[in-house]
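Participant: So the sequence shown is numbered by the working numbering: it starts at 1 and just counts up by one.
The set of hints was computed from the structure by calculation and includes no laboratory data.
Misleading hints may appear alongside valid ones.
[What the hints assert, rightly or not] The following label-pair restraints were derived from C-beta to C-beta distances: (1) 156 <-> 359: 40 to 50 Å; (2) 413 <-> 624: 20 to 30 Å; (3) 373 <-> 102: 34 to 44 Å; (4) 595 <-> 373: 22 to 32 Å.
Even for Gly, the Cβ is constructed at its ideal location relative to N, Cα and C.
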Amino acid sequence: FVELRGVQRLMEVASEMEEYNSESLLDITSSTRTITSVCLAMIYKNVYKNCDDEKTYINAVDEFIEDKLHSPDIQSKVRVVVAITTLLFGPSDVGNAVVVKEGILEMILVMAGTDDVLQQKVALECIVAAVTKKEKVNAIINKGVNILKKLCQSKDDSIRVRALLGLSKLGSSGDPDATIGPFADGVTKELAEACRRLLINPKKEKDMRKLAIKGLSYLTFNAEVKVELIEDQEAIHTIIEIAKTGDQSVLFGVLTTLVNLCNAYDKQEHIPEMIEFTKFVKYYFHKKPELDDNLEDRLCALAKAGVIIAMVSLTSFLKILPVLENLAKTNQNCKELIARVINAICGQLELRKIVVDDGGTEALLSLALDGTVKGKKLASRALAHLGLTIRPEVAFPGHLITEVVEPIVDLLNPQCSVNENCQTLTALCNLAEVNDSMREHIFKEVFEKIEIYLIFRGEDDSLKLASANLINLLFLSREVAVQYLERDNFRVEYLMLLYKDENQDIKFAAAAALVKLTLANKEACKKVFDSNFWLEFLRSLLTNPSSNVQEMGIIFVLSMIRNMEDFAAKLIETDIIELLKSLSENDTVQNKNIEELTFIALEAVAERSNIEAFIVMIRWERDVACRLGQLDLLNHLEKKLWVYERTKNVPLNIYLEFGKILTGR
């Protein structure tokens with residue numbers, strides 16, 4: 001291909017235009033430039049770039065340009081500029097290198113300043129394509145601004161709108177270290193108004209609207225422009241309707257405009273294409289102008305205008321679109337822009353229902369699974385927002401409810417903020433409440449990530465609490481509780497150690513999870529008892545100032561008694577029985593379940609204990625009281641021992657039993 005002068009032949013095609021007749025008699029269509037630029041880019045990327053043959057490619061381009069420039073006719077110069085524009089759309093490095101060569105930019109500006117409409121159009125298109133490098137921007141500002149302003153007054157709409165686009169692109173650019181832009185205050189607003197008029201004028205051709213949108217994509221970096229555009233309902237409606245068409249020639253401009261209206265960029269962060277446009281932008285993106293305070297109103301207006309429906313349509317379009325390798329990255333970045341728009345709207349609580357109603361969930365799932373790294377994260381974050389406040393069955397209908405787990409789980413990352421991780425865990429909690437099938441699915445996908453946050457240390461307990469709550473919910477599934485123990489023998493102790501945490505809610509969640517574990521698997525009971533701090537753990541629960549934690553402690557004791565044969569006998573040798581009795585006799589306890597539960601627990605101890613073990617324990621307590629001279633306690637223990645020696649089962653109420661024996665009942 002190279003030996004047959006293929007690059008030069010492609011450059012001939014790249015220089016063709018539908019608007020004029022050339023000697024080549026090639027059949028040119030509206031897609032010819034795009035296809036040619038892709039071919040040139042692929043050849044450059046796959047064969048020449050970063051290798052010794054790169055000069056061969058550039059020399060072939062230079063040969064074509066020099067040959068055309070040697071011709072005295074205007075048409076040859078026009079074809080050179082058209083070819084340069086095609087290069088800028090394809091192998092932009094080569095196109096940029098050509099533009100900065102001596103005399104090339106000057107030639108383009110001279111053509112723009114002529115009275116010939118064709119030359120003006122060709123030159124303007126090249127200028128717009130070239131405004132990506134700071135050195136060229138400065139040169140165009142210094143040499144060509146007056147020409148562009150003059151062309152804005154042209155009677156030919158095709159010229160005026162292209163000049164507007166050129167000024168729009170320049171208007172959002174300049175030296176980032178400068179304190180003023182290249183234009184006077186108010187010019188940016190005037191340009192935006194002109195673009196809006198072209199956009200909503202039904203008499204204008206489709207191409208005019210496309211160029212107007214491209215102009216707005218640059219101008220909407222300005223806060224005042226955003227305010228006025230969002231108030232123009234007709235313009236917003238037109239933008240959204242054009243977005244629904246999926247027209248790739250204007251897709252990036254539409255999406256960039258919407259992203260700007262939503263303030264959907266992270267601070268000082270822009271996707272690759274926009275970095276090319278804005279790395280020399282005069283507006284400082286980390287600043288929030290006062291006029292940008294109406295962001296919530298803009299988001300609401302866009303949502304109600306149907307922007308979600310448009311984003312859903314675009315997502316479907318990009319999903320099925322056959323993509324050439326060289327355009328794949330652009331489409332992925334378009335998906336990221338869509339994700340930014342939907343995520344910004346999902347950030348508003350009152351707008352989430354609109355997202356669900358307009359079909360945004362399925363689109364977000366698609367974007368979360370296929371796109372740029374940042375785009376997938378943004379789509380997943382939007383899914384988490386929906387899962388936070390809308391019932392999972394409504395937010396994620398049908399098969400979506402299981403499919404959203406993976407992208408939401410992928411959001412869990414120590415590098416994310418505490419609030420972000422907490423939101424993710426809370427969304428998973430809501431999903432875990434649905435049914436056992438969801439709990440088992442979440443456990444399979446996420447459990448190792450969840451446990452990390454149980455040992456999280458920081459000033460904020462919300463992460464640890466959210467993690468403990470999620471584990472507690474997952475254990476509602478017996479299958480999950482069983483699998484939990486099979487994975488690691490030390491996991492029970494991890495949960496038990498949370499009794500030392502100062503947060504009462506964390507203690508409660510951990511105790512509740514342990515209850516479910518011991519009910520599901522007797523092996524868990526053994527793990528509890530084998531720990532060297534099980535007694536301290538029980539004391540902590542039963543003496544906790546929170547009645548809810550106390551109640552869970554009693555339930556835990558009950559579960560251990562019923563699932564471990566000798567546990568009741570072990571309890572008799574400790575002070576746990578006395579703690580249970582004190583709880584049953586405490587009239588000040590607000591939680592009325594405690595009295596009933598302690599009675600049941602004591603009854604369970606009595607049913608499963610050996611009377612001889614009680615007698616031995618009481619005799620030991622009596623001897624201690626005697627040595628210490630504790631007469632009241634000694635008297636009580638003597639009565640207690642006397643009763644125990646005369647009954648077959650452990651009595652629940654010693655004084656009631658003592659009375660029965662004395663009266664012979």
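Participant: All the hints need checking, so say for each whether the structure fits it.
Facilitator: Against the structure, the hints:
1. 156 <-> 359: 40 to 50 Å: holds, 42 Å
2. 413 <-> 624: 20 to 30 Å: violated, 57 Å
3. 373 <-> 102: 34 to 44 Å: Cβ of residue 373 to Cβ of residue 102: about 41 Å, so the range 34 to 44 Å holds.
4. 595 <-> 373: 22 to 32 Å: violated, 57 Å
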